[in-house]
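Peer 1: Okay, here's what each chain looks like letter by letter:
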Amino acid sequence: MAWLKERLRYIFGSTKGLILMASALIALETAFMGMLSGPMAEWGIRDIWIRLWGMRLDPSHREARIIFLYHTFAIGVIALETYMITGLVKMKEMHKVGINAVMTVGYLFVLVFGLAFAYWGENWAFHGLFIAGLTLVFFAGMWLAYALWPWAKEYRLPEGSPYWRLAGGLDGERLAWFIMAVATLISAIYGAVPGSYFGNGFEVFLSEDIIRIPEHTPMELAIVGHLHIMLVDIAVAAMLIVFRWVDLKGRLHAWATAFTIIGTIIISVGAWVIVPFRPIAHQIINVGAMFLMVASLFLTIYTWRKQIEIGLHKMGIEDKPTLGQKLKALLSDPLPVGATWQMMYMNAVVTAPGVFMAIKLDWLRQWLLREERIGLVGHWHILAAVIATILLLYYGDVVGLKDKARKWYGWGIVIASDLAFFAATLFYTKRLYVSVSQQQPLVNFTMYLLDASLFLVLVIVAALMVWRLVDLFKPEGKWTEEWRDPSLKPIFAEEDVR
Amino acid sequence: MKKAWLPVLTLLLAILWGCAVAPPESPPQVDTGVDPNEWVRIPAGEFLYGMHNKEAVIEKDFEMMLTPVTNAQFAAYLNEALAKGELILNEDGVYIEYPGEPFEGGKHEVEYGPGQYLVYPLGTIEAKLEYKSGQFVVKPGWENHPVTMTTWFSGWGYCRFYGGRLPTEKEWEKAARGEDGRPYPWGEEITKAHANFYKSGDPFDHYWGGQGETTPVGFYNGETHLGFKTEKAVSPYGLYDMAGNVWEWMLDTEEHNPHLHYTHQRILKGGAFNNYDYDARTFARNFAPPDYYDFTTGFRCVREP
Chain X
381 MAWLKERLRY IFGSTKGLIL MASALIALET AFMGMLSGPM AEWGIRDIWI
431 RLWGMRLDPS HREARIIFLY HTFAIGVIAL ETYMITGLVK MKEMHKVGIN
481 AVMTVGYLFV LVFGLAFAYW GENWAFHGLF IAGLTLVFFA GMWLAYALWP
531 WAKEYRLPEG SPYWRLAGGL DGERLAWFIM AVATLISAIY GAVPGSYFGN
581 GFEVFLSEDI IRIPEHTPME LAIVGHLHIM LVDIAVAAML IVFRWVDLKG
631 RLHAWATAFT IIGTIIISVG AWVIVPFRPI AHQIINVGAM FLMVASLFLT
681 IYTWRKQIEI GLHKMGIEDK PTLGQKLKAL LSDPLPVGAT WQMMYMNAVV
731 TAPGVFMAIK LDWLRQWLLR EERIGLVGHW HILAAVIATI LLLYYGDVVG
781 LKDKARKWYG WGIVIASDLA FFAATLFYTK RLYVSVSQQQ PLVNFTMYLL
831 DASLFLVLVI VAALMVWRLV DLFKPEGKWT EEWRDPSLKP IFAEEDVR
Chain G
182 MKKAWLPVLT LLLAILWGCA VAPPESPPQV DTGVDPNEWV RIPAGEFLYG
232 MHNKEAVIEK DFEMMLTPVT NAQFAAYLNE ALAKGELILN EDGVYIEYPG
282 EPFEGGKHEV EYGPGQYLVY PLGTIEAKLE YKSGQFVVKP GWENHPVTMT
332 TWFSGWGYCR FYGGRLPTEK EWEKAARGED GRPYPWGEEI TKAHANFYKS
382 GDPFDHYWGG QGETTPVGFY NGETHLGFKT EKAVSPYGLY DMAGNVWEWM
432 LDTEEHNPHL HYTHQRILKG GAFNNYDYDA RTFARNFAPP DYYDFTTGFR
482 CVREP
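Each protein sequence line maps, in turn, to chains X and G. So the number in my numbering is just where the residue sits in the first sequence, counting from 1, plus 380. So the number in my numbering is just where the residue sits in the second sequence, counting from 1, plus 181.
If we strip away everything but chain G, and leave its shape as in the complex, we get:
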């Protein structure tokens, strides 16, 4: 009996690795009253940027989406862009033509030449969109949740399609924290009522084995949803979900940020539902290659006013 621990441990590990975490069923509906089609004007001007509050300037006013792009918005885009021939539908997903980036042969540099790049994968259990009868539709209940499983190319294509682009890191940070260098969009402190982060106790927290899920955009609007009391957690310009929920892709390439010389890695901001609260600080950064996607990656767009 004493020698039984090894096989027991092995079995336990095998079970742990073997047991799949079931994808969430239709989530409870929450109407937050926040319109994801709204845009907000962000004024040009000086602001404090990055962890060390460096002085920076945004030269021109711009507009930013009030919330991250939702599943419903992204499904509409896929259908419209496919119909116009701007996307390519393959068996494993939807692709877009990208002109490519210069390859400099740097250490660990991966080549992103001209070609087709993934915009949305098909057949994954994490996806909230499915392709049915020649149309992309949102699985019931996920319409007003932020779209995930998006690559950088998804944001690049989506924003361009509607006359905008992804925000640069500086634009995003100005929009998120205003001019006074605050760490969170709403101020100095974060609580579970402010944002969707790991184990923050929201009604979607139990999904994926307790890893959490997205909350509908604008969920943290000061109201009580499904018995969960929220704070009105908006940025100084009124933007929702600038902390937590999904990582948001930034436009920045070497062209915008010399520090990204030959890496092709992209910056993501805001933190996601499965990250600790410190990742939701406005200056916190994540990186990923532009073709990376998982159930935490989303985006929002900016445009000229």
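So that you can see chain X by itself, here it is in the shape it has in the complex:
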């Protein structure tokens, strides 16, 4: 019994244990629910899976199930990010413990009862517990915003700090964290109100299905705003996590942080004003997105420079390195470089096609809605998956992967996921290259590549999780080390000055 108690204490009582559990649950959910996807239906696996697990899927409630599924994934990732934030950002121990505890209960309720309600018979008691879970997650978010309050004296930066310091020693990055947290909370309310409205009577819809109806109700517009901004907030949180991971500092820290703050505010306002000012909302969002993309560029420049510097140092090259040596140094660690590379690659597979589709909207509207819907869904699925890979790459560093394991894990995730994103982009932009009747070779190629690549990512994550599971059975495994030292350390830090 003591054996189990110790492990449970590690999993539920330490930041790294919580991160491990959240990562494992999200990975399991991905693998489990992936069995219901399109290709699995074609191969007949979907039907077997449904029978095997006794799932009850009312065809009329497909859209509602998808909404539940999205929420269980999103809340899982929000929990994961919250654990990382409480581990990375200075705050009182009481707040850390409290936020993590409330968040854990909340997201487990959301995950378990949300899926149980949607896929196993729509028991309304489960629906209530799902809502209770969302409420707890919201409460944890409010607590997090309070704990991140940037004007508290103890979090002021001293003069000469290498981090962006505002008037009176205000920590610019802490301000960014706080704004991100508050924006996320407001955005959650923004979804909760229409969610309750449509949920009352089970009148759900998927935004991509109503895109061709030119006039929407305020509640429909609020849902559209909510789903866009929540994903952005999750992305901003992921970027800030990488700020801390690579210990971003100096002038680039100031620029990146300032751009993140401005971008977060503008893009949030852009999404929120969609109800009263729909015609200009997208322009505001585009401006905000531009600031955030430039912030990620600053972060990437800093990370790559630092990685080259450290890599060259490890290689023993101090003077006038060649371009090849610099490249070798850059590629010597796939985790921080891969995470920031994903931010840049995102522009090729999300931003550029998204802008193109927006510009060519009149052309796109000449096709069936189903074509446009594929584009919309593909577009944001890729963005969500890019965020997931960034967090996975960070997690690889959190668990201390070294040498070959680190390289296989890091490059495996980067290459396989980027191939998947490439395939998905080709798929959702296919009308640019082929007509409907001629599309099947391209569809087959992209689907096989997409599925194989995503499968590979899942295998890599599964390998990591199996290692951690086996480790839990060892009396002095990695988990005991993490229990003793639960802190999340920056990768490039010479000293912990924050």
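Derived by calculation from the structure, the hints in this document are not laboratory data. For every residue, glycine included, the Cβ atom is placed at its ideal position computed from N, Cα and C. Please note that the accuracy of each hint is not assured.
Claimed, not checked - Pairwise CB distance ranges (calculated):
1. X:V485 / G:G419: 47 to 57 Å
2. G:E261 / X:I591: 35 to 45 Å
3. G:P224 / X:V667: 49 to 59 Å
Unchecked claim - Just some of the chain X residues that point at chain G, by a computed CB distance under 10 Å:
4. R442
5. E443
6. S576
7. P594
8. K706
9. L707
10. W747
Claimed, not checked - Sample of chain X residues lacking proximity to chain G, with all beta carbon distances greater than 12 Å (derived):
11. W531
12. V604
13. P870
Start from chain X and add chain G according to the hints.
Peer 2: Okay, now just chain G, sitting in the frame of chain X:
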């Protein structure tokens, strides 16, 4: 050798894009015993409409075609209407005069003014009809398959020519699901034996590189065709092919549905052979501009009893 992957990938993509998928040859003949010239009376009354089963009413009885319009029926229409001067034959296709729709200058609104609009394209590899010796003829074997490559104007013109019109979305849904709010015409569940959808395994599934093809109208009638066992998948009023096979154009414009204010987009229902089964749910919708066509778009008509 290690650096060879990039050109190999490029070549692979070039091959993929370059290789055309051959159009299907004459398909195997299937006599389903279902007569596409039959009409079915749909009674007026209340029914559950849309995904959320909203209560709705059809005020008057109407009749609907038992199946989608077939290639043979559409070829006959083209020949008759051309002979009567109601259609215009151009090099690239057959056109019809349309009085146009009000243009309101809405965002992304496309103008559909008075003019000639395409009814059937000529010279496409997907078409099952060809123009030979001054007549439209059906390519052998496709006579009892639903006509495709049709625009909304094709349905508008065809139905009018024979004294009917396209169904409104509400009429179509009442005819497809009856009054009890069922998601599929025959009930709650769909299997591969019920309808022609993507990878549903019917004998025409391998065409177009595996994307599938239309099945003859009334194919899912409970009999075994070409070794493929089907369920009798009819609507509560006995209509065939209300799920899968081809998307069917709806009449609805802003006049019938205020939600379509200034868009000119038209609703299509039923799902097609290259869509997943969830698109075959009776309340599922697709949209397209009225001049859109591809090898999945067809229609059927309604008329006053």
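Peer 1: Could you tell me which of the hints above the structure violates, numbers in ascending order?
Peer 2: Hint check: 6, 8 and 9 fail, others pass.
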